[in-house]
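Asks: Start from the sequences and build out the full structure, keeping to the hints where you can.
What follows is the residue order along each chain.
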Amino acid sequence: MVTKVKGAKELQDEVINTGLCTLCGACAGSCPYLVSYKGRMVLMDNCNLSEGQCYQYCPRTHIDMDAISREVFDVPYSEQQLGTFKEIFIARSADNHIRGKAQYGGTVTALISLAMKEGLIDRAILTQTSNDKTPEAVLAQNEKDVLQCTSSNYMACPVIEKFNKLPKEDNFKVGIVTTPCQGLALSKMKLHPPHNRFSIDNLKLVIGLFCTWALSTDQFHSFLMETLNIPLVKKFDIPPPPANTFDAYTSSGKISISLNQVRKYTMPTCAYCLDMTSEFADISIGAVEGIEGWNTVIVRTNTGAELISRAKQKGAIEIGALPPQNLAHLKEAALIKKKRGLGEIIKRTGDRNNLLYLGLSQQVADKLIS
Amino acid sequence: MITKKLRKDPLNLIIIGVAGQGNVLISQLVCQALAKEGYLVTFGQTYSSNQRGGSVNNYVRVSKEIQCSPIIPSGAADVILGMEPLDTLRMLAQYGNPKVITIVNPRPIDVAGRVSDYPDIHKLIETIKSLSAKTWIINATEEAEKLGDAILANMILTGSLVGSGILPLDEKTMVPLIQERFPNDFDINMAAFNKGVELYQAVA
Amino acid sequence: MPDIDIDAQGTTLLLMGNEAIARGALEAGVGFVAAYPGTPSSEILPAIAEVARQRGIYAEWSVNEIVAIEAATAASLAGIRAMSPMKQNGTQVALDFLGNLAQRGVGAGLVLVTVDDPGSHNSSNEQDTRHVAKWLDIPMLEPGDFQEAKDMTRWAFDLSEEVDIICMLRAVSKISHTRGNVKLGDLPTRQYKASFPYDGAGRVGGRQRMWGIPHDVQHKKLAIAREKYETSPFNRYVGPDKPELLIITSGATWLYSQEAVRTVGLEKRVGILKLGTIWPLPEKLVTEHLDKSLEVLFVEEIDPFIEGSVMELAASQVPGKPQHTFYGKRSGHINAYGELSPDDVIKALNKIMGINYQARDPAYLKKVEAIPREYAVNRGGALCPGCPHRASFWNIRTALKLDGRGGFATGDIGCYTQGLLPGGFSVVKTLYCMGGSAGIATGFGKLGQFGFKQPVLAVCGDSTFFHATIPALINGIFNNSNFTLVVLDNTATAMTGFQPHPGTGRTAMGEPARAIKIEDICRSLGVPVEVCDPFKFKETTETLLKMMAIDKGTRVVVMKRECELIRGRRESPPYKVTVSPDLCLGDDCGCDRLCTRIFLCPGLRWNKETGKSEIDPILCTGCGVCVDICPQGAIKREVL
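Going line by line, the protein sequences match chains A, B and C. Numbering (this note's numbering) for the first sequence: 1 to 370. Numbering (this note's numbering) for the second sequence: 1 to 204. Numbering (this note's numbering) for the third sequence: 1 to 640.
Honestly, the hints are just simulated from the structure, not real lab data. Owing to the predicted nature of the structure, the values given are computational and were not obtained by experimental measurement. Honestly, I wouldn't trust all of these hints.
[As the list claims (entries may be wrong)] In silico SDA-like pairs for lysine to any residue, Cα to Cα no more than 20 Å straight-line:
1. B:Lys99 to C:Asp241
2. A:Lys9 to C:Gly406
3. C:Lys401 to A:Asp218
4. B:Lys64 to C:Glu374
5. B:Lys123 to C:Glu374
6. C:Lys183 to C:Leu402
7. C:Lys268 to C:Gly308
[Stated by the list, open to error] Cβ pair distances, simulated, as ranges:
8. B:Ala202 to C:Arg570: 51 to 57 Å
9. C:Arg570 to B:Ala191: 46 to 52 Å
10. C:Lys636 to A:Glu87: 48 to 54 Å
11. C:Arg514 to A:Phe172: 55 to 61 Å
12. B:Ile121 to A:Phe172: 24 to 30 Å
13. C:Ile516 to B:Ala191: 42 to 48 Å
14. B:Gly38 to C:Asn356: 56 to 62 Å
15. C:Ala515 to B:Lys36: 41 to 47 Å
16. A:Phe172 to C:Pro471: 46 to 52 Å
17. B:Glu142 to C:Ile566: 45 to 51 Å
[To be verified] Computed from the model, here is a short list of chain A residues facing chain C with C-beta under 10 Å:
18. Cys54
19. Pro167
20. Lys168
21. Pro193
22. Asn196
23. Ser199
24. Ala321
We put the beta carbon where it would ideally sit given N, CA and C, even for glycine.
Replies: This is the structure in structure tokens:
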């Protein structure tokens, strides 16, 4: 397995052009050569550097999983289904208004708003659904901005590019909401702090979302444009199983598209992902199967724990216990994703010892592959 | 009508510069003066295939008897006046010989289009010297900037060339031509010309 | 340089070949000159236009060469001596008319001046227009020096009238652009009274002219010209009565041949026959000289034109005559393409005459060979600092990359031809002739039915638009072709020297003209048209992306900003631009020298010692556009 850091050209040859790109945006926003545009990473010109930060922070180039795990959690990477964590429970925003706009329980919105109000962060990088229903990374500066970013649209959004674009000389505190691959990239940045960019030390809070796959923005959006009258859609949702649909809510009701049709637009790189619950975040948040209007919350770091504690104190969220069968089911689903991901990687490389970008210890690899 | 003797017949002079430096002015003034003195003058030009930012080669041939071809045969330059060192070296490589006299303005102009990086200027000047019988370094651009405009480098070099006596011309012949060419800016151009003569005398 | 209408017969001036041609036309009493700019012919018309008013001459920049020769022909038919100078490509544009004109005859003397560019230093291709004379059956002359450039042009008008056919004078760059001594002739004044004497069906001036003329009428005219050629002073021989080698040459290569023979010291063994009257071949004269020697070397540019004609002649000679050995392009002794030099002729003489002339001192040559390779830096050209085309190409490059469908630009002729090169970010992928970009784009735009998906941007300049693009644009609209025409309107015919065109608001003679706006023409065609300032990167790139996304029918974007060389002569720089070394990342990750490695404006240079970019204060024009490309905001501009 190749572990050396290379440059933009290699990034294009090895990741962008091979279907491995997750559109996380870690390679973009801090140089003129890589930019994201309408769901694609575009190499504008040839960069001649043989080693670049673009390659270094990509979540699909070599990752020493133990190293980033130690960086974030002080413990090595393990085969635990849900990753390293302190607590898991269910929660929802205590604020009706937030819940009304939210996808499920509004916990992400509630926590980000609170973090801002309490001065734990000054700004937040979030994903907003624009008028044409494509996702857009935005820098939220206040609660009003945060409330614009409450819905999911299931398409990949390069939020880290937005982080990279922050002015080098500024020192405001930033929070970010990410998908699992983006969390990996940010962990790589924490392990080897970037230079000539906005300081990674200013990143104070990472809230990760649960994710099984993301949809390719440029292709899926074209499909949506042909299938729906986009301006009328207010919200998208993929309800938990057994429903097998992708739902679009308009003012006159709900339009359901078969999930089988939609799965065609999954980004190819999602097949090689092992992380369902955003294992490298301070707090990870997802839906709760069978309990509408609530979120599953996984607290992983001290930062995360402090924020939850503050939120409880201020009455920003309501908390409940996660039912045991939900926990069991969640662990099972997470493990299935790990095994499937590894299987796809080995199929692609044709070599059990070449895990593509994953630098796993032999122990962990053996446990997962068996 | 010929007042000064031509030291060699034909006398082959190359005046080389980068597009925009105005080497054509030097050639025009000198050729006009020579024609007035009764010589047969051929003044040819080659532009490199992209004029903007490329080199402009002026070939000036002077003879009592023959209207020479605009192109000088390889190795047949008698004098090379270079407004830019890299181009001067290129001319020496193609047209130089053990007797060639070189006058060079040592101000590098970076290569537009960045095919490769500009070489070390001191080594470049040493190489120029090793390929010339005599080398006179005239800091024309530097002095022109002191006079207020870098473009005056071409008038300064005209002064050095005429002042050197290599051509069958003297300063007196040049004055009315400079007057005619610069009716409104005679003083500054004459000052530049005289500066060129002075600079030659300092290095001769 | 003095005006060429000095009434000073016998005075010698140092004139450029083109000026000498202009003077020759003046001495012939020319009344009407129409042209389109084309290097190396561009100086001829302005030299005449400069003195036109005081001499009662009409001089015009036409929109293209075929219109120019057509306009000149009208004057000729109305009894006014007329001339049309153009470069080799222009002659090709004019061919349909010329082919017909050759058959119709003239009124007053009519001269076509065609200037070729051996080695294509300033052209998109290399072409020898002497073949046109043979093809169209018209007489052709070629001057061997600057005096002849004047004298031949003067004579060409007489020849044209005496033979009643258009006459062609062919020159090359090294004659047209070189200055040499020219003794002036007299300047007669002519009083013209123009009138077109048409009468019966197809008849003009009492003769059948416009139709029903058999081809052999031209052949008969050529025979008359040939007779005159046999005794023309433009054909000269210098050398021994019985030379070991006879060089047959013409044009600039005559000067090179003379130089070569003199340099190697073979004046007593090699004779040179210089032809000035090239087509039809003066057969008696040539035969007489062929009898002097059995070894013949042809030296000419570009094609083996004289070589072929003389060999045809020799082959048709009475059998039993001794056979010549011919050396030239066929035998490989002289290059069959490109520009020649005295060195080439010396090389041929070395081989044929068995001498071993060494041009370079061997010890000196060794020193030359030892010069480090990196000193042999090629000074490639670039767009000028401040050029709006750089900004236009930057917008195009950004839009094409973001669009991501493998789109490209088609190119045309002008300064912006450099869109092919790194200086224009290599966005241009095809290059043919004037108007070619739109023409070829209309073809690409119809390939959708064959699965073609790449967006096409046809790039052309403003002068090109008027010259040739309009019919192609209309073709695109009429046939519903999918492409975007991008007109780079810098209000100048810049590459050739800023000659006026229909958009610039004045004529060749300095009269005010209504400036025709390109966007008005395009709008009148009923297609989407946007006008942008290429310096405004964000808006212009977005406009391009928007136009590309329309993905059907023909659209137009006009990128409008004045040529920097014009603006710079009139106004001082708008900004003082500097690079802040503290902010400049140089070749570090985050920049990798974007401005000096990719953007390539000559006003920016890389300082190897400091590892930073900096502004070259002499070359920078203060346009300030680079401020918007620096990823670190290290380039600053201050309003002056």
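Asks: Decide, hint by hint, whether the structure agrees.
Replies: So, going through the hints one by one against the coordinates:
With a C-alpha separation of about 37 Å, the suggested pair Lys99 (chain B) and Asp241 (chain C) falls outside the 20 Å cut-off, and the hint is violated. About 18 Å separates the Cα atoms of Lys9 (chain A) and Gly406 (chain C), which keeps this hinted pair within 20 Å; it holds. Taken as a hint, the Lys401 (chain C) and Asp218 (chain A) pair is honoured in the structure, with Cα atoms around 15 Å apart against an allowance of 20 Å. Of the pairs offered as hints, the one joining Lys64 (chain B) and Glu374 (chain C) is violated, with about 40 Å between alpha carbons and a cut-off of 20 Å exceeded.
Using a Cα cut-off of 20 Å, the hinted pair Lys123 (chain B) and Glu374 (chain C) holds, with the two alpha carbons roughly 12 Å apart. Straight-line distance between C-alpha atoms of Lys183 (chain C) and Leu402 (chain C) comes to about 62 Å, which puts the hinted pair past the 20 Å bound. Of the supplied pair hints, the one linking Lys268 (chain C) and Gly308 (chain C) is violated, its CA atoms being roughly 27 Å apart against a limit of 20 Å. Between Ala202 (chain B) and Arg570 (chain C), the C-beta spacing of about 38 Å breaks the proposed range 51 to 57 Å.
About 26 Å separates the C-beta atoms of Arg570 (chain C) and Ala191 (chain B), a value inconsistent with the hinted range of 46 to 52 Å. Lys636 (chain C) and Glu87 (chain A) have their C-beta atoms about 52 Å apart, which keeps the hinted 48 to 54 Å range intact. At about 58 Å, the CB distance of Arg514 (chain C) to Phe172 (chain A) agrees with the hint of 55 to 61 Å. Take Ile121 (chain B) and Phe172 (chain A): their Cβ atoms lie about 47 Å apart, and the range 24 to 30 Å is violated.
Ile516 (chain C) and Ala191 (chain B) have their C-beta atoms about 46 Å apart, which keeps the hinted 42 to 48 Å range intact. Range check, Gly38 (chain B) to Asn356 (chain C): about 37 Å between beta-carbon atoms, so the 56 to 62 Å window is missed. For the pair Ala515 (chain C) and Lys36 (chain B), the beta carbons lie near 43 Å from each other, so the given range of 41 to 47 Å is met. In this structure the supplied range 46 to 52 Å is violated for Phe172 (chain A) paired with Pro471 (chain C), their Cβ-Cβ distance being about 59 Å.
The hinted range of 45 to 51 Å is not satisfied by Glu142 (chain B) and Ile566 (chain C), whose Cβ atoms lie roughly 30 Å apart. With 10 Å as the threshold, the beta carbon of Cys54 (chain A) comes within range of chain C, its nearest partner Cβ sitting at about 8 Å, so the hint holds. Look at Pro167 (chain A): its Cβ gets to within about 9 Å of chain C, closer than 10 Å, so that hint holds up. With a least beta-carbon distance of about 8 Å to chain C, the hint placing Lys168 (chain A) at the interface is held under the 10 Å criterion.
Given hint, Pro193 (chain A) at the interface with chain C, is violated; its Cβ is 13 Å from that chain's nearest Cβ, farther than 10 Å. The beta carbon of Asn196 (chain A) is positioned within 10 Å of a beta carbon in chain C (closest approach about 4 Å), and the interface hint is therefore held. For Ser199 (chain A), the interface hint is violated, the least distance from its beta-carbon to any beta-carbon of chain C being 14 Å, above 10 Å. Of the supplied interface hints, the one on Ala321 (chain A) is violated, with its beta-carbon coming no nearer than about 48 Å to a beta-carbon of chain C, more than 10 Å.
Going down the numbered hints, you'll see the structure goes against 1, 4, 6, 7, 8, 9, 12, 14, 16, 17, 21, 23, 24, while the others check out.
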